[in-house]
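Asker: For reference, the chains in residue letters:
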Amino acid sequence: MGTGDLALQYLLSGITKGSIYAVVAIGFNLIYSATGVLNLAQGEFIMLGGMVAVTLAHYVPLPVAVAGAVLVVTLVGCLLEWSLFRRLPNHSVLHLIIVTIGVSIVIQEASLHIWDEKVRSLPYFTGNEVSSIHLLGAAISPQVLWVLGTITVAVVALHGFLKYTLTGRAMRACSANPEAAMLAGINIRNMRTLSFGLSAGLGALAGCVISPITMTHYEMGAPLAIKGFAAAILGGLGNPMGAVAGGLLVGVLEAVSVSRMPAAYNDVAAFVVLLLVLFVRPHGIFGLPSGQAVREH
Amino acid sequence: MKRLSTGIWADKGGIRSSVEDEGGTIAGRLRGLVPVIGFAMAVPLLHLVLRVAGTEYCLTQLTMAAYYAIVVTGLGLLMGYAGQVSLGHGAFFALGGYTTAVLTTHDFSKWKAATGWLQEAHIMVARQDLYGNQLVTVTPWAAFFAAMAVAMIAGCLIGYPALRLRGHYLAMATLGFGLIVAKLLVGSNLTGAADGLNGVPEWILMPGLVVSGKVPVRVQNYYLACGLLLVVLVLLRNTVQSRVGRALKSIHDGEKAANSMGINTAAYKLKVFLLSAALAAAAGVFFTHYTAGIGPSEAGALKSLRYVALAAAGGMSNLWGVAIVSLALNYFSLRGWFGTYDNAVFGALLILIISLAPAGPLQPAAAWLRRRGWWRNAQSSHHGTP
Amino acid sequence: MKPNAISLLFSLLGSSLLMVVPSATAANSGPIKIGALFSITGPASFLGAPEDKTARMFIEKLNASGGINGRKVQLVVKDTGGSPEKAVSFARQLIEEERVCAIIGPSTSGETMQIKGLCEENKTVLVSCAAAEVIVNPVAKYVFKSPQKDSQAVLWIFKTAKAKGITRLALLSSNDGFGAAGKKQLEDLAKEEGMEVVVSEVYDKQATDLTDILTKVKSRPGVQGVVNWSIVPAQSILAKNMRQIGLNVPLFQSHGFGNLRYVQQAGAAAEGIIFPAGRLLVVDELPENHPQKALLAAYKKEYESRYKEDASTFGGHAYDAILIITEALKKAASTEPEKVREALENLKGVVGTAGVFSFSPTDHTGLDMDAFEMLTVKDGKFTIYKP
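Which chain is which? The protein sequence lines are P, S and W, in order. Per my numbering, residue 1 is the first one in the first sequence, and the count goes up by one each step. Per my numbering, residue 298 is the first one in the second sequence, and the count goes up by one each step. Per my numbering, residue 684 is the first one in the third sequence, and the count goes up by one each step.
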């Protein structure tokens, strides 16, 4: 392989990982914008999506299974907000964040006991485990294209939803200024439920498309949540497009570091860069200090 | 919608105004001593009950839980009073434990020239390991100081720049720090890679007082661990009632205002961060000697998250509550009460406690006692929300 | 009402304490207690769960057939969740409270190493289900293990590779105890066996994509084969990623690949993987007169019909661990620690799932090179590798 081909191969590997982190980061941002809560159970939605889809795929065709999984997990997300977070109106945001840690553990353990400890996965959407597509000297699995395609479509659709539909605008209004939104007649509670549902559905969709590549396992959520959190912070909290950039950056950093140093330390490189960025730009690369001020005071 | 405008990680409302309540009058001071005396009496009482019941072996898990409680209590100070959250305290615990473990198990006999005078200075000692091999290792006391130094250097490295960060950004920075430490520990052969280190010798604190998990010294180790926890609690209580405590409270009430009043908020925050990091590292050193080893999972993100969760469940600024909740939950976990449901029970309890008693379970308990006229205390019980 | 509340509190406290009081059984009557530490949940649950199931099945069957020397056996299982501090705490409980006569497990080498000294000091026989060679080297009097030796697996792989004319290898391993132990053996033995290590990399045990590391392998000229040492699900990902980026050299796996689930996950990419393993996976191909045939077939059939999942060599390690202990107990006709230990150390020719065990004071693994068979994957199934 030539140097250029190699670089491209590393880059593609990084983009594959990065796009997954980006979806988690967008999920973080959706809920964060609407409620101020950092939902540390975000990774569990991805795991649940994969688990439910794999189970459904035994009975129904793949596309139906994926749609079913997204629907189920969206409902789980809504239910969480409705049954738990809505009932805690007098709690500080920190307490709610700790509750999400509890939720994450409970979902994970419930999955262990509902399913089991084994890995499982959806079949490849096109081709099989060994098929690959050659792209300018680099080779990738067709599933990577499915991941990239699905995530791009989801992000664009989400962007359109938030920008051009009435409900989406109402959601953004809630995050920009809750008091004013309430005065304007927006039902803030429902907007919050919606944000949890959207975030969970998005996570589930990602959980389905990555399942053939990463496999689905009851403990897969936490590491993804951590990387997604890093991506969201790097991109600047509350900035969906920043989250995409942050996710890709973390993924590419990991892949590039592998080419230069022992792979055992690939996370170290990514997190050292993250810390350095934070120390230079305390609000992430694309985050605005003023935006932060609105949220914190 | 006031909730949105309060601090994110800083639990502003949660800080108890203990300064006014307890600091002033003599009666107030005496009331402040009630938990200290209560705790000091509960420790031997518990021992007595266990002894009578013939279950003295439970002291082993109580001892381990007490060391974890020291970490969580220090974190409670950081979260409840300085309004900072650290998702990397597991890393400080591990830095303390690992430094000790490396120094007391690594054989330095190859460096003949240097080890001679170090042995004379009682920094190194020749000893035998379990299999009869002759080793020259650092003495536990010297290793303890080295461990604290390493933890403090790491604390400054991460704490100083991280002070510029707020809320979630600080949380991420500390989480990232923890992950880096965990990856380095698991990647390095010096620290035993994924297996961690074992065969850490016992630590003779003074003649007759040994940190070790062996059965003959089980009772003294229980008293040692609980004594250390009590000392830490008193130390922290004095800290929050001193100048530092008032400064911290002013940071809570408004950092800019505090700054303009001439309070160097950054310095105070760094001090509290370093104090809690030092407590975590010290707990790590004791724990490592007690269990005779340490593994990389101690530095993991999940462990750090668990500490934060325990501190929050205990009521953060309510340091007694933090200590008790942490002691109890870790004890049950280390006893294996819930079998394969251990994590599930922890998660469910976390949700329950925080939903029902956001200021920690001690607050409603105290309120109940007050209602029945058993305990008079001027402490206001306002919690989480303004 | 106040005294009532207090007395209620105390009686509650008292009863909760009584609950944890073990029935103080004398060593010579009642059931024989054997402790088990498995990581049934947590990051090593794919090892601990089948081990737990196997152990329970074994003990049930043993008791149904009359136990050991007329005494029933009681298995006390503790779930460590893969964390060393719990392993230490539970090992102390088993030794000091339950007064078990032996312990099987833990599932991982990290946990085993944390309690190795503890069992040695307290004179309690430990038969670990973890593979790393450090567990029995240096030999501790009371510590044994049931899986085959890493070094033997490495020698099998190198021998097979050489026969295929492969001498330049890329070594990959996961960053858990199993991977680290294998990496060390691979690197140490490569020199002696005349193999050249072109590149050696470690990946995260929870890795979800290994394309970048394999790209690095591909960029090094002259790699003739890849040896992957891990026990985690990521080894299926590795096989897939290799084929996807067109790294078409033979892939050798360790005995940690001995689980049909990994083959199913790797799908078409698993075809042609070569690895050493015990004969449990190819029991149907064994000749009728093979010493292990009857035992393996019985275990496989029983496990699969009871738990509705494929039997793996991981569960087999727990089977062997209990088998060894029960054989030693039968032979010792006593539960005295020293007698059990001595009986165990002198066991010869015990047929288990991993091989035929013959222990000695210097060999606490008890298996030789014959315990392994080189296997390969064909049409989604394990089969004996024929060069």
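Note that these hints are calculated values from the structure, not bench results. Please note that the accuracy of each hint is not assured.
[What the hints assert, rightly or not] Straight-line C-alpha distance at most 20 Å; calculated PhoX-like pairs for lysine-lysine: (1) K983/W - K118/P; (2) K1064/W - K118/P; (3) K755/W - K1013/W; (4) K511/S - K736/W; (5) K118/P - K842/W; (6) K842/W - K874/W.
[To be verified] Label pairs and their computed distance ranges (CB to CB): (7) A625/S - P89/P: 23 to 31 Å; (8) N187/P - P341/S: 38 to 46 Å; (9) N187/P - L327/S: 49 to 57 Å; (10) K984/W - F635/S: 31 to 39 Å; (11) K1013/W - A662/S: 51 to 59 Å.
[Claimed, not checked] Partner residues are not named here, just some residues of chain W that face chain P (Cβ under 8 Å, in silico): (12) S728; (13) D895; (14) G950; (15) A952; (16) N972; (17) H973.
Cβ atoms here follow ideal geometry from the backbone N, Cα and C, with glycine treated the same way.
Asker: Could you run down the list of hints and mark each one as holding or not?
Answerer: Hints, one by one, checked against the model:
1. K983/W - K118/P: Holds, at roughly 18 Å.
2. K1064/W - K118/P: 18 Å, holds
3. K755/W - K1013/W: Distance ~12 Å between K755/W and K1013/W Cα, so the pair holds.
4. K511/S - K736/W: 32 Å, violated
5. K118/P - K842/W: Measuring from Cα to Cα gives roughly 32 Å; hence the hint is violated.
6. K842/W - K874/W: Satisfied, since the Cα-Cα distance of roughly 13 Å is no more than 20 Å.
7. A625/S - P89/P: 23 to 31 Å: 28 Å, holds
8. N187/P - P341/S: 38 to 46 Å: 58 Å, violated
9. N187/P - L327/S: 49 to 57 Å: 53 Å, holds
10. K984/W - F635/S: 31 to 39 Å: Roughly 34 Å apart at Cβ, these two residues keep to the hinted range, so it holds.
11. K1013/W - A662/S: 51 to 59 Å: 55 Å, holds
12. S728: At 4 Å from the nearest chain P Cβ, S728/W passes the 8 Å test, so the hint holds.
13. D895: Hint holds; D895/W Cβ to chain P Cβ min 4 Å, cut 8 Å.
14. G950: 4 Å, holds
15. A952: 4 Å, holds
16. N972: Violated, about 35 Å.
17. H973: Violated, because the Cβ-Cβ distance from H973/W to chain P comes to roughly 30 Å (cut-off 8 Å).
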